[in-house]
Amino acid sequence: MRKPKNSANIGYCLGIESTADDFGIGISTFQGEILTNVRDTYVPAEGGIHPREAARHHADVAARVLEESFAESGVKPQDLSTIAFSQGPGLGPCLRTGATVARALASYLNLPLAGVNHCVAHIEIGKLKTGANDPITLYVSGGNTLVAAFDAGRYRIFGETLDIALGNCLDVFAREAGLRQKSGLPFGAVIEKLAARGDKLISLPYCVKGMDISLSGLLTAATNLLKQEKYALEDLCYSLQETSFSMVTEVTERALAHTGRMEVLLTGGVAANKRLQSMIRTIAEEHNARFCVVPSEFAMDNGAMIAWTGVLAHNCNMITPVEKSFVKLRWRLEKAEVPWVT
Amino acid sequence: MKTSTLFKKGAEASLYLTEWQDRKVIIKKRLPKKYRPPRLDEQIRTYRTIHEPQLVHGAKQAGVPTPLVYQVNVKEATIIMEFIEGKQVKELLNEQSEKERRHTCAGIGKAIGRLHKFGIIHGDLTTSNMILDHEERIVFLDFGLGEKTNELEAKAVDLHLMKRALQSTHYQVAQECFNAVIDGYSSVLGLEKAKEVLGKIEEIERRGRYVTERQT
Chain U
329 MRKPKNSANI GYCLGIESTA DDFGIGISTF QGEILTNVRD TYVPAEGGIH
379 PREAARHHAD VAARVLEESF AESGVKPQDL STIAFSQGPG LGPCLRTGAT
429 VARALASYLN LPLAGVNHCV AHIEIGKLKT GANDPITLYV SGGNTLVAAF
479 DAGRYRIFGE TLDIALGNCL DVFAREAGLR QKSGLPFGAV IEKLAARGDK
529 LISLPYCVKG MDISLSGLLT AATNLLKQEK YALEDLCYSL QETSFSMVTE
579 VTERALAHTG RMEVLLTGGV AANKRLQSMI RTIAEEHNAR FCVVPSEFAM
629 DNGAMIAWTG VLAHNCNMIT PVEKSFVKLR WRLEKAEVPW VT
Chain Z
37 MKTSTLFKKG AEASLYLTEW QDRKVIIKKR LPKKYRPPRL DEQIRTYRTI
87 HEPQLVHGAK QAGVPTPLVY QVNVKEATII MEFIEGKQVK ELLNEQSEKE
137 RRHTCAGIGK AIGRLHKFGI IHGDLTTSNM ILDHEERIVF LDFGLGEKTN
187 ELEAKAVDLH LMKRALQSTH YQVAQECFNA VIDGYSSVLG LEKAKEVLGK
237 IEEIERRGRY VTERQT
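Protein chains in written order, with our numbering: chain U, 329 to 670; chain Z, 37 to 252.
You may find that some hints are simply not true.
Ranges between beta-carbon positions, derived for each pair [said to hold, decoys possible]:
1) Thr670/U <-> Asp219/Z: 30 to 40 Å
2) Ser544/U <-> Leu227/Z: 27 to 37 Å
3) Lys663/U <-> Gly226/Z: 33 to 43 Å
4) Pro623/U <-> Glu127/Z: 37 to 47 Å
Since the hints were derived computationally from the structure, they do not count as laboratory data. Just so it is clear, CB atoms sit at the ideal spot from N, CA and C, and this is done for glycine as well.
Just chain U, same shape as in the assembly (with noise of 0.2 Å):
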């Protein structure tokens, strides 16, 4: 990461991420240079994320990811004109010690804070990395699968999961399967890894309701044939992918078919997935439109995206003052004010 420029006229925000299993810290300058982005990742030593022992776990690595992203940035706490963190959607007891990070900082520092909504995140750094400029966004991610478009001043939802996140339904399969989760390489990246060496399409539930998809039922079923050991493991994952993957990308090209937009831009941490890019790239290419992905460093939750989220909100003069800084566990993306797009 580079040294930021010895100016004093070069503002510094500092985001704070902490809605699931990832605590990061990023810092971005005003103009968008994300200087560092520093992420440790919570890895439940069985089954899935439980609450409170991820936010123990921000608590014990806030600190040293803290001094990391100084150190690796070269910014000085005295060097930052605002603080943001991930105000929601999120985990209550993880989102809280972000929030209690990010009030402290301000408090001790004099800052302006500024609660970002995750989802938005999300958007803003993709848009940020691959120059989209109105995209048909298709996130995707452990909490969250959707697909939205910006329309009168908010990212509008066209379509969503109605049970489970598409990632939620990679990760509970993978258990299922008593696949080992390797701090750093998520569930996602293990399934992919092989799926790439099943070729066996095994039926099943396609599930499309209009833009919205349902995800569970194919979950069920998925666990179900796994437990029976009649198929291959790796055919298995090849099914899986396959099948939810065609889903979303269904409900993606149907989005971009409605709206007539000209750039997709796929974001989240499913987003690093080879194969769901390769999908929604010959969606894009068959629609003339530009295919956008997020590098996969801020595909996961991260710190930079809401440190350029907050650059965005302190030029919309977006200040959230703290008796108003609590978390929004069910902050809707659609709810979240984006002044700054227009």
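Got chain U sorted already, so can you dock chain Z onto it with the hints?
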């Protein structure tokens, strides 16, 4: 057959406008999707090509105007059907006065009520799938994602989709439009049945992601 022009390139199918036996027709062709595996692709296209005409026909029996289906070719995944001239409800709603809008939406609600009474779920109720023709009828298109069932859940999801479509495309007037849709719907199904479906919609919305009403 005369030369055909691409009328609309949808996500699911391409529509070609042409003449067939002296009629203006739409050829709906479900082209192979390169992004998904060929076997899955064929399954989906075949299934929808077979089911769509059945539902289009069922809708007529239920008393809801739909295009006439002239020919179905399962192997090619094409359907030849009547071309409906008129105006998309999507555009219409943005031009109408409040009173006209309410009338249109009540009409939509009545039609949905008739479909549901007949056990037909449209599956993709958006204002771009409805045309106001020259006889002032609202013609329903695109039953490709529909199904035949009498389940309460399916009906509620169907109406919920309508609500969502109004919110994303006509957000300034979405509530007033949806209220009128429900009025029309109730007038066909009766208050009791309509209330049952509305209750289910609320339940579905509470299941939704990050819905604040769920926080207590």
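Hint check:
1. Thr670/U <-> Asp219/Z: 30 to 40 Å: Given a distance of about 37 Å, which is inside 30 to 40 Å, the answer is holds.
2. Ser544/U <-> Leu227/Z: 27 to 37 Å: Because 33 Å falls inside the window, the suggested range holds.
3. Lys663/U <-> Gly226/Z: 33 to 43 Å: holds (35 Å)
4. Pro623/U <-> Glu127/Z: 37 to 47 Å: holds (39 Å)
Violated hints are absent here; each numbered hint is respected by the structure.
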